[in-house]
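Asks: The hints should help you fit chain G onto chain E, whose structure is shown.
So you can see what is in the structure, the chains are spelled out below.
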Amino acid sequence: MKSRKLLTLAGVIFLALVMAVMPLMAACAPTEEPTTPTTPTTPTTPAVKGPLKYGMSICMTGVAAEKGSPMGHGKLDCIKYINDELGGINGHPVEAIWYDNAYDSAKAATIVKKLMSDGALFFTTNSSKMMMASMEIANRAGFPGFASFSSPVCTNPPKHIYAQMPDYGDDFAAFADYYMKNIWKGEGKPKLALHLLNNPTGYGARDAALCLVDDLGIELVATEEHTATTISEMESMTRIKAANPDVIFISSTPAPTAVVIKNAFELGLYPGTVIGCAHASFTSALVDIAGASIVEGVYGVFPTCSWGDDVPGMAKMTEYCQAYHPKDYGNMDYITSWAEALIGAEILRLAVESCGYDKLAAGDAAAWECVEKNAIQKINYDVEGLHGPAKYIAGDNRLDKSVRVFQVISGEITAVSGWTDAPRIPYENFPDKFPWAKP
Amino acid sequence: MGLPCGTYNYSYAKDMAILRTKTHWALFIALLVLVFTAPLYWNNYLLGVANLIGITLIAAVGLNILLGYCGQLSIGHASFIAVGAYTAAVLTGTFELPFLVGLICAGLMAGLVGLIFGIPSLKVKGFYLGIATIAAQFIIIWFINHLSITGGFTGIAVPYASIGGFVFDTEASQFYLIMTIAVLCVFLAKNLARTRIGRAFVAIRDNDLAAEVMGINLFYYKLLAFFIGCFLAGIAGSLLAHWIGFMNAEQFSIAESILYIGMVIIGGMGTALGPILGVIFIRLLQQGVMFIAPMLESAFPALPAGFASGVSPMFFGVVIVLFLVLEPRGLAHRWMLFKAAYRLWPFSY
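Top to bottom, those sequences are chains E and G.
Note that this note's numbering has the first sequence beginning at 148, numbered continuously upward.
Note that this note's numbering has the second sequence beginning at 58, numbered continuously upward.
Pulled out of the complex, with its shape left as it was, chain E reads as follows (with noise of 0.2 Å):
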């Protein structure tokens, strides 16, 4: 009897709790970072004046936490540093709206919709995957936006949403100049096989493949494609084996792209084949699963500069990700979300410059349209040397298009080659095979 009352009890508690829920949800959205350095800083500026809103949809949890989650750590970071270091934008608070998405298309469209609520003034996903699910409400907004990692059709025709770095497309076109400059030695053309996550993260690549082959005489003779949860990569490793093919691409993330390596290496088709990965593949997490000593001379094409480089932001970096995220260092996402966050913090300097706080503080469309036009589209910052200059070319929503190409070597990611400049890929050209491009 008592057990049924409590259920009642619960019962009626549940209710009361759904009812109080929605409106709950509106009253809680995060506030302001945490400001608490372990190393001792001090302010240059005190941050007094309103908040500028720094939207972010981040994948934390979920299938691709292993990249969202250091990535999500980079940004906040960042953003913790600019607020307690820099004094904040002209002394204006950054305020980090963020929310997990899990990595799920359903909550990361909740989630733009939440963030333009909350008055962001633009907002960043790490994923291509969830850029898309968040861009067609963006663009319908006129909400800018901008993906870490991002796949042609996200800036393809150029709308409202912005790549940070070349696309996988672009890292496609870069390895392939690269093998055929500094690898290829046989004669003829190289055979050419590609091992694509089954979504756009790899066809992002498949589709650059497409256009570009023949330009670059390459015979492209194997397409397999894997899931983000594969766990075994035999069969279609066998498959490209019987292709016999001189290189092997792969545009995944870590973990499957760690399957299909080590598939590779137990197929004795590595070493011996050359393995390209596309940045989004291409990480301290890749050698941590797969092992040193089976990606050992693996090449991987990142549009970052590498852990202990000897650029301007590194030090900073650097201090921040060993006092808050010691885990996370010598992870190359980490550099990366750290640079959309010095990215972030120029276009809101740009936007406080030349719309005025006030225009800012509203967080409407009239806001959105001047951060676009006269933040984001003016933009030419060097990052601080983490990655290649960001700067817009109009009809070219890529803010940066540099990139460069690394090997693992002893176990560690260094760069084999200098910057390199993704010219942009003609997608529009090929109506036939990319719809999506058409202006």
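No wet-lab data here; the hints were simulated from the structure.
Incorrect hints may have been included.
[Claimed, not checked] Cross-link-like lysine to any residue pairs, in silico, SDA-like; alpha carbons within 20 Å at most:
hint: 1; chain 1: E; residue 1: Lys580; chain 2: G; residue 2: His203
hint: 2; chain 1: G; residue 1: Lys180; chain 2: G; residue 2: Gln343
hint: 3; chain 1: E; residue 1: Lys388; chain 2: E; residue 2: Gly419
hint: 4; chain 1: E; residue 1: Lys306; chain 2: G; residue 2: Thr227
hint: 5; chain 1: E; residue 1: Lys580; chain 2: G; residue 2: Phe152
hint: 6; chain 1: E; residue 1: Lys580; chain 2: G; residue 2: Thr227
hint: 7; chain 1: E; residue 1: Lys306; chain 2: G; residue 2: Asp226
hint: 8; chain 1: E; residue 1: Lys580; chain 2: G; residue 2: Trp199
hint: 9; chain 1: E; residue 1: Lys580; chain 2: G; residue 2: Lys180
[Stated by the list, open to error] Here are some of the chain E residues that sit facing chain G, going by a computed Cβ distance under 8 Å:
hint: 10; residue: Tyr246
hint: 11; residue: Asp247
hint: 12; residue: Ser252
hint: 13; residue: Thr257
hint: 14; residue: Lys260
hint: 15; residue: Met263
hint: 16; residue: Glu283
hint: 17; residue: Pro305
hint: 18; residue: Asn346
hint: 19; residue: Pro347
hint: 20; residue: Ile378
hint: 21; residue: Met381
hint: 22; residue: Lys525
hint: 23; residue: Ile526
[Unchecked claim] Now the in silico label distances, taken between C-beta atoms and shown as ranges:
hint: 24; chain 1: E; residue 1: Glu516; chain 2: G; residue 2: Ile86; range: 37 to 47 Å
hint: 25; chain 1: G; residue 1: Ile86; chain 2: E; residue 2: Ala513; range: 37 to 47 Å
hint: 26; chain 1: E; residue 1: Asp435; chain 2: G; residue 2: Phe364; range: 43 to 53 Å
hint: 27; chain 1: G; residue 1: Tyr185; chain 2: E; residue 2: Ala513; range: 51 to 61 Å
hint: 28; chain 1: E; residue 1: Ala462; chain 2: G; residue 2: Phe184; range: 29 to 39 Å
hint: 29; chain 1: G; residue 1: Ser205; chain 2: E; residue 2: Asp511; range: 49 to 59 Å
hint: 30; chain 1: E; residue 1: Glu516; chain 2: G; residue 2: Thr151; range: 49 to 59 Å
In this text, a Cβ means the ideal position worked out from N, Cα and C, and glycines have one as well.
Replies: Just chain G now, kept in the frame of chain E:
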């Protein structure tokens, strides 16, 4: 029926009425007023959540007909939603057909595809049928990813819904569209359950052998359940496509299919109220946990890295497990108990 003392039925029509007392009517009208005036005091985010709930509700009502009433387990419901979404996307986006044509065709196409995957239900049932319907999840998504007309892995853009020149281009207008269709679907499902078809579904669910002996055509009614359940999934898919504006097959994962089963179970299978409560519970819980990590990190900066973000999925899982342990018959049952207790209060005899 759990009606208040003194409520008599003088005609068959009265006995069959959904709303039987003045209190029922008052509460119903109040609910409608509350729902349809929501755009006046809810911001776009809350309307967005409500729209997601409305779309999910339509699909869950379909699954409830299939699983709750007819007892046919389907673990591929998200793929049937995908069929509807892509049908609407192609018809309205590529072929520029009107929204309503896309909506109906989305339902029909999903229903027809559901019929195909419902055929194994004649031979297998329970978990075996569940495994058979998982095939739908993989086959349908594979086709979507490999057909050029669907945009393949890249996806496909979908225009706003529009009827007779009126474009549903605001969250509020989409809310009215989605809620109207959701109310109609719930009403349809509620009535369906009380018809000959609904009783046949229940008979099949409770004992298909006995149902067959009584003259119920198992082949016909099982496939009908698949058609109706998947038709509603297709309608939900069409609305989802127009609401999000861009479709990609990754939005229809097997995890989503399982979540739909969870919604129906948590709400209460085989009741009209169950899917409503289940969908509201799960979708609000999902939104709620979204806030947990930022709030924890903000309130407790000393927490170890990654702890706060890990709490959200743990909380989500624990709440569902606790709920199933404490109330395995679903929220609808709890609501019935509450109503009964309320009616007798303060005399519990």
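Asks: Work down the list of hints and note, for each, if the structure agrees.
Replies: These are the hints, each one checked on the structure:
no.	hint	verdict
1	E:Lys580 <-> G:His203	holds (13 Å)
2	G:Lys180 <-> G:Gln343	violated (37 Å)
3	E:Lys388 <-> E:Gly419	holds (11 Å)
4	E:Lys306 <-> G:Thr227	holds (19 Å)
5	E:Lys580 <-> G:Phe152	holds (18 Å)
6	E:Lys580 <-> G:Thr227	violated (33 Å)
7	E:Lys306 <-> G:Asp226	holds (17 Å)
8	E:Lys580 <-> G:Trp199	holds (19 Å)
9	E:Lys580 <-> G:Lys180	violated (43 Å)
10	Tyr246	holds (5 Å)
11	Asp247	holds (5 Å)
12	Ser252	holds (4 Å)
13	Thr257	holds (5 Å)
14	Lys260	holds (4 Å)
15	Met263	holds (6 Å)
16	Glu283	holds (3 Å)
17	Pro305	violated (14 Å)
18	Asn346	holds (5 Å)
19	Pro347	holds (6 Å)
20	Ile378	violated (15 Å)
21	Met381	violated (19 Å)
22	Lys525	violated (28 Å)
23	Ile526	violated (26 Å)
24	E:Glu516 <-> G:Ile86: 37 to 47 Å	holds (42 Å)
25	G:Ile86 <-> E:Ala513: 37 to 47 Å	holds (40 Å)
26	E:Asp435 <-> G:Phe364: 43 to 53 Å	violated (20 Å)
27	G:Tyr185 <-> E:Ala513: 51 to 61 Å	holds (59 Å)
28	E:Ala462 <-> G:Phe184: 29 to 39 Å	violated (58 Å)
29	G:Ser205 <-> E:Asp511: 49 to 59 Å	violated (39 Å)
30	E:Glu516 <-> G:Thr151: 49 to 59 Å	violated (30 Å)
Violated hints for the displayed structure, listed by number in ascending order: 2, 6, 9, 17, 20, 21, 22, 23, 26, 28, 29, 30.
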